[in-house]
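Chain E is fixed; fit chain G onto it per the hints.
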Amino acid sequence: MSGMSDSGAGGRAGAELMAEQFHLKVLHAVLAVRAPRPLAAAQAAAASASFRRRDRWFHLPLHDPPPPPEAELLEAPPPGEPLVVDIHLAPAGSGGAGGEVVERWTVACEPWPDAAASAAGEGMAVNRAYKRCITLLRSVYSTLRLLPAYRVFRLLCANQSYNYEMGYRVGSFAVPFSRAEEAAMRSHRFLPVETQPGRLVVSVQYLSSLTAFNLEISSLSPSMLITNYVGSPAAEPMRAFPASLTEATGSAFPQSYQQQRPHSWAPPALWPQPPMQQMRFSPPPLHYASPTPSPPTFSGGYLRSPLRGESAPVTIPGERRSPVHRQNMLDPIKGLMLPPPSPRRGEKGAAGSQESPSEISRSFGRAEGLRMVDPYGSSSPGSKVKDSKDESGRFSALSSCDSPRQDDLDDADYPFAVDDVDPPFSRPGSSDGKEAGDQAGSSSHKSQDAAVGSLVHLLRTARPLRDSSYSSQTAGVESSEVASASSVMSRRTSDALEELQSFKAIRERLLSGSRAKERESPEKP
Amino acid sequence: MNCETCHLNELELEPREIKDVLRCILHTIFFHRTLTLVRPKDVDCERFQITYVQCGLPDLEKEVDEKINQFIAWAEKHPNRRSQVCLSFFDEKNKHPGWFSNKTERIYWEQWFINLHVISPKGHGKQHSSKAQTNITGEASEQASSRHDALGSLIQEVLFQIINYANEKKDHIPPISDRIFNHEISIPR
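Protein chains in written order, with full-length UniProt numbering: chain E, 1 to 525; chain G, 1 to 189.
Please keep in mind that the hints were generated in silico from the structure rather than gathered at the bench. Heads up, some of the hints might be wrong.
Stated by the list, open to error - Cross-link-like lysine to aspartate or glutamate pairs, in silico, EDC-like; alpha carbons within 20 Å at most: (1) Lys517(E) / Asp449(E); (2) Lys170(G) / Glu4(G); (3) Lys77(G) / Asp65(G); (4) Lys41(G) / Asp55(E); (5) Lys19(G) / Glu66(G); (6) Lys170(G) / Glu194(E); (7) Lys169(G) / Glu194(E); (8) Lys41(G) / Asp64(E); (9) Lys19(G) / Glu76(G); (10) Lys169(G) / Glu157(G); (11) Lys19(G) / Glu184(G); (12) Lys19(G) / Asp149(G).
Unchecked claim - Simulated DEER-style distance windows between Cβ atoms: (13) Glu142(G) / Ala40(E): 29 to 39 Å; (14) Pro175(G) / Phe51(E): 14 to 24 Å; (15) Gln143(G) / Gly123(E): 50 to 60 Å.
Ideal Cβ placement from N, Cα and C applies to all residues, glycine included.
In isolation and in its complexed conformation, chain E is listed as follows (with noise of 0.2 Å):
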């Protein structure tokens, strides 16, 4: 490249291949900053690896970060077209739809506006031109990383869950920005470089603020999911919830995130301009799903660029127990044993069985604020930094969306359903009926909504009506079932009148423990 020839034919040949090779490197310094998308890895791997020769056109290698895979897809426009990439921020999930263009990169080689103009551009030597088109990517590079898009590329690369997605759109014609849009914009062109076949002309207009665009994290990403939360199956429903957690949750967000809030960032007067906004994050409240990205191609018109957020939507759980839970314990007829519920962080010595919205979004917000790593928050000197920490779930903040019912149905089983219960009658459909008396008897001390709770737990341990085990015997042979049917039916009529029985003595029971806590009350202070 340093050393194409400047003479005649292969001096225009070279200068048109120069020309479209830097359509293509400009193109590629867009997208490998504006493009977000989990770069440890690319990074990783381009890092290592040597230099392509077509990477080294003007001695600026793209390799930190390196361009998106689909970049390498798209071809310089033809020759006379200029290059059109839009930058645009939209709402997560919405594929592009209702984007705004924050930033418009326009690579053209302008003609030479006449004969004579044209004649001294024939007489431009390649080599003298390469030389300008190696500063002036310098200089596209360099600002590519000052202008505000670079910082929400930099979140989203990071963190994919926020509310907006930043994709790109490549062309050979943009749709003209309107008045409002024009106004709101700044532009800047760098100082051409001319060739042969013409000028090369960047150009670059950008929104200097992007306090509108509300970036926020709006959920947990599908890795953050805490399946053995206190009170799941798979934990112990009673254990205590750690101290450690209740403590951190004072401050709605970590000195982290304070720090990452860019109030000292805002980007100056790129060139001479009035001061910029600065860019405002704030607490995180829901998250958008995002379609597949699929690769552009060139045609063109207007290409559709990949809008990447790869996390699926997750949906946090507003409450785990509601009070419901407790109603239908008291309610034999909902013929459901359900546990107490398990204490939850926030709970002061209450016995809730509802985590509040607001202990919901602090404790989350807390674990995204230290999630949300400041981009700046980790690099040395000399080291590009390297956000890891989306990639793993640290906090145990929330738990997931489980229905309630299912897990108060696991834990029926557990001995504890109710406070104070004694363990579970074992067979309450036993023939010794008076077994089941003397257990009542004992829950004479017991409150009455543990009587009661007890009561339910019989009928729902107690054997069916209609069992089906006598069913399944009979299944097959109608003669024998014809035979048996009888029998089966005093049988049933027997076991229930047990069951009767046993009731009885439990009412009993229970009714004389009543009567005897009804004495006893008026005797306490």
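Chain G in isolation, oriented as in the chain E frame:
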């Protein structure tokens, strides 16, 4: 050959900020004036939340850091003074070409003047009243924060100044060689 000069906007900074500021500026200049094959490396300046680009040349990084440390040492001995750090690019030519002459002369073709005003951080005063001390500390931290924010903006302005100048003045740059241009970083004595 004329020597192009560029005087960058003056920056007022504290001693603890010198390293970050000078790294940003010097490396940005080198990145624009190192036309050989580089391995660009993005560096995040945490203090000012700026990302600048280095050439990825370890020797150059070492040289820059050494000069910055020398300047810091000088600034400690000369507090609250305006100073300049000058980055110069030059060609070396034999002064008297001949068989037995080794004398070379430097022909500077570009100089960048980085204007700095290193100020001592404001002390917390000699107040004995705890309440007054708290008030002064609160005000001082607010002032320090706003000063820090302003400095970050000014640094970015300086970086854009470098970008503009580097593109406007290109004709005087010597032909590309296989190594970075001869240069020197001058600090006050």
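Going down the list of hints, with the structure as the test:
Pair hint Lys517(E) plus Asp449(E) holds up; C-alpha atoms about 14 Å apart against a cutoff of 20 Å. The suggested pairing of Lys170(G) with Glu4(G) holds, with an alpha-carbon distance near 10 Å, which does not exceed 20 Å. Proposed proximity of Lys77(G) and Asp65(G) is supported: the alpha carbons are some 19 Å apart, at most 20 Å. Between Lys41(G) and Asp55(E), the direct Cα distance comes to roughly 15 Å. Compliance with the 20 Å bound is thereby established for this hinted pair.
Using a Cα cut-off of 20 Å, the hinted pair Lys19(G) and Glu66(G) holds, with the two alpha carbons roughly 10 Å apart. Between Lys170(G) and Glu194(E) the alpha-carbon distance is near 12 Å, which keeps this suggested pair within the 20 Å criterion. Taking the CA atoms of Lys169(G) and Glu194(E), the gap is near 14 Å; set against the 20 Å cutoff, the hint holds. A threshold of 20 Å between alpha carbons decides the hint, and for Lys41(G) with Asp64(E) the separation of about 6 Å falls inside it, so the pair holds.
Taken as a hint, the Lys19(G) and Glu76(G) pair is honoured in the structure, with Cα atoms around 13 Å apart against an allowance of 20 Å. Between Lys169(G) and Glu157(G) the CA atoms are separated by roughly 18 Å; this keeps the pair inside 20 Å, and the hint holds. Between Lys19(G) and Glu184(G), the direct Cα distance comes to roughly 18 Å. Compliance with the 20 Å bound is thereby established for this hinted pair. A threshold of 20 Å between alpha carbons decides the hint, and for Lys19(G) with Asp149(G) the separation of about 17 Å falls inside it, so the pair holds.
Between Glu142(G) and Ala40(E) the CB atoms are about 38 Å apart, so this pair conforms to the stated range of 29 to 39 Å. Between Pro175(G) and Phe51(E) the CB atoms are about 22 Å apart, so this pair conforms to the stated range of 14 to 24 Å. Taking the beta carbon of each, Gln143(G) and Gly123(E) are about 58 Å apart, inside 50 to 60 Å as hinted.
No hint from the list above goes unmet by this structure.
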